[in-house]
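Since chain E is already given, all that's left is putting chain H on it; use the hints.
There are 2 protein chains.
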Amino acid sequence: MNIKNYIRDNQSRFLEELFSLIRIPSVSSHASHQADIQQCAERWKHLLEEAGVDYAEILPTTGNPIVFASKMIDPGLPTIMVYGHYDVMPAEPFELWTSPPFEPEIRDEKIYARGADDDKGQSFMHTKAFEYLVKTNQLKSNVKFLLEGEEEIGSPSLDEFCSANTEKLKCDTILVSDTSMLSASTPSITTGLRGLAYWEIEVTVANRDLHSGIFGGAVANPILELTKILAQLKDEEGRITIPHFYNDVEDVSEKERELIAQIPFSEEEYKANLGIKQVFGEVGYSTIERTGIRPALDICGIWGGYTGEGSKTVLPSKAFAKLSARLVPHQKYEKVAQLVEKHILQIAPEYVDVKVRQLHGAESYVCPIESDAYRAAEKAYEKVFGIRPLPIRRGGSIGVVPVFEQILKVKPVLMGFGLESDAIHSPNENFPLDLFEKGIETIVEFYAQYSEIR
Amino acid sequence: MNIKNYIRDNQSRFLEELFSLIRIPSVSSHASHQADIQQCAERWKHLLEEAGVDYAEILPTTGNPIVFASKMIDPGLPTIMVYGHYDVMPAEPFELWTSPPFEPEIRDEKIYARGADDDKGQSFMHTKAFEYLVKTNQLKSNVKFLLEGEEEIGSPSLDEFCSANTEKLKCDTILVSDTSMLSASTPSITTGLRGLAYWEIEVTVANRDLHSGIFGGAVANPILELTKILAQLKDEEGRITIPHFYNDVEDVSEKERELIAQIPFSEEEYKANLGIKQVFGEVGYSTIERTGIRPALDICGIWGGYTGEGSKTVLPSKAFAKLSARLVPHQKYEKVAQLVEKHILQIAPEYVDVKVRQLHGAESYVCPIESDAYRAAEKAYEKVFGIRPLPIRRGGSIGVVPVFEQILKVKPVLMGFGLESDAIHSPNENFPLDLFEKGIETIVEFYAQYSEIR
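Chains as they are written, first to last, in our numbering: chain E, 11 to 464; chain H, 11 to 464.
Keep in mind that a hint or two might mislead.
The list treats identical chains as interchangeable, and a pair is accepted whether it falls inside one copy or across any two copies.
[What the hints assert, rightly or not] SDA-like cross-link-like pairs, simulated, lysine to any residue; straight-line CA separation at most 25 Å:
id, residue 1, residue 2
1, 150, 15
2, 328, 39
3, 328, 210
4, 287, 367
5, 328, 212
6, 328, 285
7, 448, 193
8, 342, 320
9, 345, 249
It should be emphasised that the hints constitute simulated quantities derived from the structure, not laboratory data.
The shape of chain E in the complex, shown without the other chains (with noise of 0.2 Å):
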């Protein structure tokens, strides 16, 4: 039987499978999550069992456990280790979903639900490409899972648990589907991530919430300081100004560029898409550019003062700002984390206290294309999609790729069959049905090509 018709034959098993991952709020961010986060690890480890693997365990970390699952079959041959991971980002704000994020729906083809793509959809194609391998006894590498429950907070333990099982996970090539590609008729690989720097920033003034009739004029008002400081680390043309920032960003060739600006791409769509009146960024870059070789600085989130309906007249102690950075290839989080709290630091006048917290960060990332596995994917998305896949640096950041290459000395190929529309992060995330199923067949393809090439 062929992968085309083991799906259709299977295809309402496999929805309901994913589904019950999807129905598990596994949100890493929240504390109160912490139940759902052992429960899905626990379905995790039951669906690989049933799918074929030798072992499934769940491995305690000092954070959330990590679902590992193996099937050797022959140690001369090559390994294949599956990263994905099972936990998902908060779905507030949940009045703006169609659907409960939590409650998995098929509209238009397409799954909405938080996870749906990111990444709990994603890394299940793997399981069922690896399902159908073993059922129908095509398997010809050993093949490892591992799932972590962190990868929204920057996958802070995974680090240590990679160093402290670098036999357990051993291999020759690490799979990640957890990016997205140019367009379904576009098919693209992604080679480069950004890396990550995340600030939570504190103004306080007062010791408490004051009136603001009886003090307005007289005691700063620790919102405007805040939008004061936030306002000047860009300047009108996009770059961001703080000091050493661009140091050691990477330099890519005339040439590179010249490849890029290749890459199809339709400023019009692109605004349609996300309802903007123009693009907007550094001066001198394109779009692609923008997100791909370029660091980025944004402001996640801001909050301080009153909030709610109508009127307030309140001169507040207190506001905040989440702040994150995405950096590429050079750049070093930790030395770009201590800049820009410096900097801040620095700038805030002396009547008003600052705090500047680090919360997470992570590394870039570059993947060559020259690899076995790179051209085994390369080649399984043409046979499939039936164009040649684009290399293409995205924005987006894994914190885990940096830390596999350090560590276990394996460059993960980012095999993504994700949409820019596919809305992750953000309310009524989706997925598509006929990517969700291009991909296991995607996944299929690459286990025989990847066979051929070694």
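Showing chain H alone in chain E's frame:
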């Protein structure tokens, strides 16, 4: 029986009656408190009836009802109208209260509760002074009570109510106890109030929250754009930069500024009480001037993006702020409201969508110190506190005060007994018991002095 003894003999009943008002969370800015508003009005009506008015009634308006009561003893005698408000500010953030905001508690000789001062505590003193005069047959004026339920949201219905009821509200003077004194040992009477304008600003970029890795750097960040707008509304020397903002600001004479400079004020105590490192405001003006005779601009609230625990990497779709201005004599709030709205829309970059919504406004007010009522109040304070009260312009706004001036042609006297440390509009609002008692004594004394002067 003199008033001191009357208070002593009835103290526990007085407090229990006041507490019965405080326990009703009559928050006017939350629609969910509509039933509490109604219940609080009923309770006031009952307490006024018990205090000895001829009749009390609850009158509908286009918004929250007004409690009106009257005792007419002789049309030939002057009529005093007492104004107060039975609505309160929201009590959030609840977690900062030592005791629950709507369960009054006495600690260290102070009543702690939302409304303990503003304005249930202060307006209740008038009811008890009136009760004493009635019960001891000393009343020599006609008395009216007007209690509204929308002061904290800018008294939107009072204008129309006053215009439609000029005959019913006819009086010779109006007393308002909704302000504070310099200190318990330095009594003062507020002779000026700042006006108010209030806006909500909404900045939108994309049609949904976006992944900050995939889009960060290529799509404008609405929080950053909002901070850029807000940060430029004031310069480094604390001046408001909105063109024409200061055009109509009253130029206070050197002589008046010299008098202001003589008001006792300890900057060290002020800073210690508020827990601030430095005072900060418009260059060239003292703290008392900055809050009394100069306008102010404050951001009362800001929100956008992810504001929960930990880190979420998101490029938000929208950001919001609440902005307010305190205005001084001759500045018209409608003109300023237009000015600020226009300026914000003008400085917003064209790649974002900005909406400005005006929420409410009030004119500023100046009370003449030569009037009969002011002089009677001055003598009453002097008799009770042992020291002549200072006339002082304060920063707060009481929307109804200029409305009375315009429609009823009566300039209210602001007989406040609060302290800045009462933390009105803040957690742990409180009102000292000794001022509650001295306030009642002073009001009783006012009636005597006013009859004599007239």
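A quick look at each hint next to the structure:
1. 150 - 15: Within one copy only: 21 Å inside, 99 Å across.
2. 328 - 39: both (23 Å within a copy, 22 Å between copies)
3. 328 - 210: both (13 Å within a copy, 19 Å between copies)
4. 287 - 367: between (34 Å within a copy, 22 Å between copies)
5. 328 - 212: This pair counts as both: shortest intra-copy Cα distance 7 Å, inter-copy 21 Å.
6. 328 - 285: Classified as between; 12 Å across copies, 33 Å inside a copy.
7. 448 - 193: Classified as within: same-chain Cα gap 13 Å, cross-chain 76 Å, threshold 25 Å.
8. 342 - 320: between (45 Å within a copy, 22 Å between copies)
9. 345 - 249: Result: close within a single copy only, 19 Å intra versus 37 Å inter.
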